[in-house]
Structure formats: structure tokens, C-alpha cells
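Model the placement of chain B on the given structure of chain A, informed by the hints.
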Amino acid sequence: MSLVSTSDPTAAVRTENLCRYYPMGESLIRAVDGISLSIGRGEFVALLGQSGSGKSTLLNLLAGLDRPTSGSVLVRGRDLAKMSSEDLARYRRSDVGMVFQAFHLIPSMTITENVELPMRFAEIERSERTQRARQSLEQVGLGHRLGHRPSELSGGEQQRVSLARALVNHPKLLLADEPTGNLDSRTGEDILNLIRDLSFRLGMTVVMVTHERALAGRFAQRLIFLGDGKLVSQEALA
Amino acid sequence: MTGYDLFELAVRNLRQSKLRNGLTTVGISVGVASLVAMLSLGVGLQQLATRRLAGSGLFDTVFVTSKQDFRGMDREDDQKTGHPEQEPLLDQPAREQMQRLKYVTEVEPEVRVMGEVLYDGQTHFGFVTGLPMSARENEAFDNVQGKFFSGPAAEEVILLNDFAKELNPKDPKQLIGKEITLRYGERQALPAESTGRPQLSGAETAGTNNDDNFGFSVVRKTQALKVVGIIQEEPYGGMRAVSRGRIFLPVDLTEKLNMAQFTDMRSSLRGAGKTYMTLTVRVKDPGKVSEVQDAINKMGFRTFSIFDATKSLRRFFTVLDLFLGIFGSLALAVATLAIINTLVMAVLERRREIGIMKAIGASDGDVKRLFFTEAGAMGFFGGLLGIALGFAIGKAINVGTGIYLHRHQLPAEAVWILPPWLIGAAVAFSILVSLLAGLYPASRAARLDPVQTLKYE
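Quick note, the sequences are listed as chains A and B, same order. Residue 231 in this note's numbering sits at position 231 of the first sequence; the count goes up by one each step and never skips. Residue 107 in this note's numbering sits at position 107 of the second sequence; the count goes up by one each step and never skips.
Certain hints may be false.
[To be verified] Pair by pair, the computed Cβ-Cβ distance ranges are:
hint : chain 1 : residue 1 : chain 2 : residue 2 : range
1    : B       : Ala333    : A       : Asn193    : 56 to 62 Å
2    : A       : Asp228    : B       : Gln452    : 55 to 61 Å
3    : A       : Ser36     : B       : Arg447    : 30 to 36 Å
Derived by calculation from the structure, the hints in this document are not laboratory data. As the structure is a prediction and not an experimental result, all values here were calculated from the model. Here a beta-carbon is modelled for each residue, glycine too, at the ideal position from N, C-alpha and C.
Chain A extracted, bound-state conformation (with noise of 0.2 Å):
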């Protein structure tokens, strides 16, 4: 498969010479420094580096969480960069899904209530709120544990409600930030399996973090290698 030129306006999600620093003490950290990528729709790309390459920084940045130094994450057009952080938060809630490493999920919450959280934000109707949580938790296997606690599901089982949390709100965009950190192997692997069958189902662009080069080799379509906040190489995968 061929690498998607920077400049293709159908991609998904665009960066030019983006740059995020940040100042300690009197030094600079260059946690993300002049990277351009361009992510097809569609297209499951995997970030991979040491600790500290700026893998996390980019995808925090792809989320619209933190702003850039300088330079810009298109996305549909639109320059993350000069958007309001209110209309970022809408960005967030409607066009980014995001699974994190620690699941984080709200312990006092049932998984129905964590999975209706986005919903509440986006202002969408209590009856349909319920269905659409019942629709996500019972797509990733977990239509059985609806009134459960978070503390009384398994590592892999809470991954699984981080991830239909995540998707409740069809989101275009999916990062994945270590989804399969805390997991076994195997169960780390069912997770991925999940991510890539989602989002063949459903047309979704997925951006995931790992430093597992070869997790990243089965699942992904393309690796993009970041060192020191600069992008190294990028390799498309059959």
C-alpha cells in the first residue's frame, strides 16, 4: 500500500510542520518537532517510538486535547490549531473517539452510565442515550454486564467499555493511545481484532499508539516511526 501524500485533501486527518515544545526550566523539549503525515479515511496507522519520541504528544494533538506550538492538524478542512476550545470540545465529542492505556473509566459510574457520558455532553435524548450505550457495550461483547462496575470487570473486559465509549458517538476518528498496555497478550490482542473489525465496519480512520512493533505489523496498514518528536520513516504494510 502506498504512503498518502501530505497534501491529499481526501485524507482524514492532515499535519504540517507541526510542532508542540515545551518549556523546562530554562531548556526547550521538543516533544513533537516539524511533522507533516497525511492519514487516509479509512486507514488503521500505527505511531510507534521509544518512551518520550512524541508519540502520545501527536495523538493528544490529533485529538484536539493540547494545542500546537506551531503548524496545523487539519482535519476535514479545518485547522485544529485556530479552533475555539469550545468548538475543540465539540470536535472531541463528536468526530474523536479515544481509548487510553489505564481505560479510564469513572469508578462510581456503571458501564452503561460511563458509556452514556459522551452522550450527555453532545445533549442527545435520555431514552436513546440508553439504547445507543445498550448498542456499543453489546457490540464489544458486553451486553451481559450493563449494570456493572468498572471495578468488577476484567482488564480486558474495561478496555472493551473504554472502546464503546469511545465509539458511541460515530466517531470518524479513532485513537487509541497503548490500548493494549495493561493487557496480556491475548487479550490485547481480541482488543486490536475488535478495533480493526470496528473500524472496517464502520469506515473509521484509526490512529493507535504502541511500542509494539509487532502487534502493530499484524493489525495496522501503515507503522510511522517517530524519534526525538521527528517523523523517522513510515512503512505501508500489505
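Quick look at chain B alone, frame taken from chain A:
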């Protein structure tokens, strides 16, 4: 996020730390209770004072006398008047004119005559005074044994307790419903042949101006009266001339009986027919007393009223309420700090949760509103609890005051009154204060960087 969702999430969050949020809410309720108790005490005291002043019957009354009387008493206005005998007479037409003035509800003469009561074969001397029907509102009748007169000219009598004891030392209450006989002096015009005028007497002469210009006789008469009530103290607290009376009759009855008064001698000498020594003009609203007084002064009479004390009373109680409110608010100010502390702690504890919410689509405004709603909810529940607590404190104050007054042989008084407006105002104030207290923690929560909060948890 919709208002309902905000409220539901806020209550859910508050329930996560039941003890801490519960204690903060109790803190707010103590503040509100203190405020409510203080302000209600202010309201209660104000109403008590107003009630007592209104009950004394002195602040809505103008006393009217003729400038022809009391001459030579060094009054400035009298000295200015060269010929006081040319001043208008305080007679029936003048009374009717006053009756027609705006805000005037009643114009009654003051009647005080000597009389004798015959009861159980004994004779008892006492002053007889006439009472208008408006006297029913006087505080002297708050604890009347029996009842007030059934009508303005009813042949009924109310006795002062001391006098009733004189009639029936063992059980004065027994007198109620019994009949007594009053012996009094009736004023009768002199026979026509001695004055050259037809004789008039009794009711026909009452209030006329030309009945007995040149003289009258005082004839002993008796009247049967039914005792309807017994009162402990004289009406009007001794300020009116009707005080010092011991036997009270409806004023219209005294006029109907044409009872001879001391002042009739003065009228006779003046040769101007029946005039009144004093007329008592009752005004609808204490605030209109000076207006009525001015109007009567213009008619050429001398007036006297106790200055409209309600105005200065209101000023006094506004200041009192202000200070009571400030003292009451001190506890609420402390509670405000507790809210700030609780919410700042909550922001610290829920950093990760705030980060998650932002990552899945919550805006800064959503987070701010959520903390704001939590503060408001604590204020709302604290306000309700505070009202209940304040109500209980107020009731305790009233019970305590009642016991204290009872020990001093005084009737119980409600010194603490919770007006309905204060309930709404206290809850609203509690919410407002809580929202103000939530401003800083809410904006701090909204400013949290989701990347940082998710990275370190």
C-alpha cells in the same frame, strides 16, 4: 449538557463524598439558620412593637378641643388670638364636619361622668366612661373576660376588674351575664316657662345646638345594664381622658341617656348649647394623622396627637434588621469558606475525572457549570435544612419567651415570626452565596489541562 443532566451529575458527585459534602451542607444550614433566626427575630420584634403601639390606640388618634377652652394657659396660639370666644364651638356640626374628613373613621366625644352601681343591695361609686366601638381593638381587650359590647348603643356594661371585685369579692367572673343598675345624673333642659323655650330632654336634646341655651337641671335616673365583660386594665393606658374610669358603657348609650357631664356647666355659662370638651378622632392609618390634624386645625380647633412614631420605628427596625442580618451572616460567611474548601478538594481529587470528561467531549464550560451546580446544590439543600433549623430555633425562642413572660404574669408574645418571603429569600441567598463560593473552584476545574491530568494519574 442539559440542566437536568448537570443537576443529576452534580448530585451524584456530591453523594460520592457523603461525609465531607454532608458536613459542608450542614455548615451552610447552620449559617442560613442563624441568618433566618436573626432576621425573623427582627421581624417578630418589629411586629410586636407595631402591634403594641397600634393596640394602645394612641398613634391613630387626634384629640380635638376648642380654643375657647383652656384660655390663659400660656399657649402661643391662644395668645395670638385676640378673642378666643370668637373661635368655633366644638359642637355637633363640627363633629359631623370632622366625620366627613378623608381618612377619618370615627369621631366620638369623651364621656366621663360620676355614677353609682346598685348591686346585691349595695351601692358602689365609680366613674362611668363611654367607649367607642373601635375600642374593641385596644390591647386592654386582648384578654377580656366575657366579650365586648354587642352594639354601639347596647344596654351593656364592661367593668374594670378592681371594680368587679368590689361588687363580688369572691368571684368577680360570676358577674358576667348578670344585671346591675346604674344610677346617674340626666341633663334636662329647664322648663319652657323659665327660659321662654319649649322643654327638651333625653335623646331629643343630644347633639342639638339650641336645646338648653340658658340652663338645665340634673335629674337622678337609673338604667339597668347587663354585665358583658371584665377587663384588667383601663383602655388607652391612661393617655385619654376616658382613663381612670371603672364602669364602661358604649359611648352612644351615654349620649342617648343624656348623662350630665362636668363640662356641661361650661356650656351652660357660655350659653351656646351642647358642646364637647374633647372629641377623639380616629384615623384610618397612623401615617395620615398629621394630614387629618392639619385639616382640623384649619377648622379652627386645637389638636393633639402623638407624633407618627411608626416612621421612626420603621427606621429603627431597619437598622436593627441590618445588624441582626450582619451577625446572622457571619456563620454563613464561615460556611462559604467551607464550600470553597470542599470544592477545591473535590477539584484536586477529581482531576482525573475532569480530564476524562474533557477527553470525551466536555467543554470547559461544562466542567465549570458542573462544579457550579454542585455548589448551588449544596446551597439549596443547606438552605432548606437551614430554614428547618432556623424554624426550630425560632420556635424554641418563642417557647422560652412564653415561659419567661408567664413567670412574670404576662401574656405570651410571639417575638419570633418567620414571614413566608424570608423562606424563599433565605434559600435564594444560600444558593447565591454558594454559587459565589463555587466561582473559584469551578474556574480552577475548567482550566485544568486534560493532557496533564490524564498523564499523571
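A quick look at each hint next to the structure:
no.	hint	in the structure
1	B:Ala333 / A:Asn193: 56 to 62 Å	60 Å, holds
2	A:Asp228 / B:Gln452: 55 to 61 Å	22 Å, violated
3	A:Ser36 / B:Arg447: 30 to 36 Å	31 Å, holds
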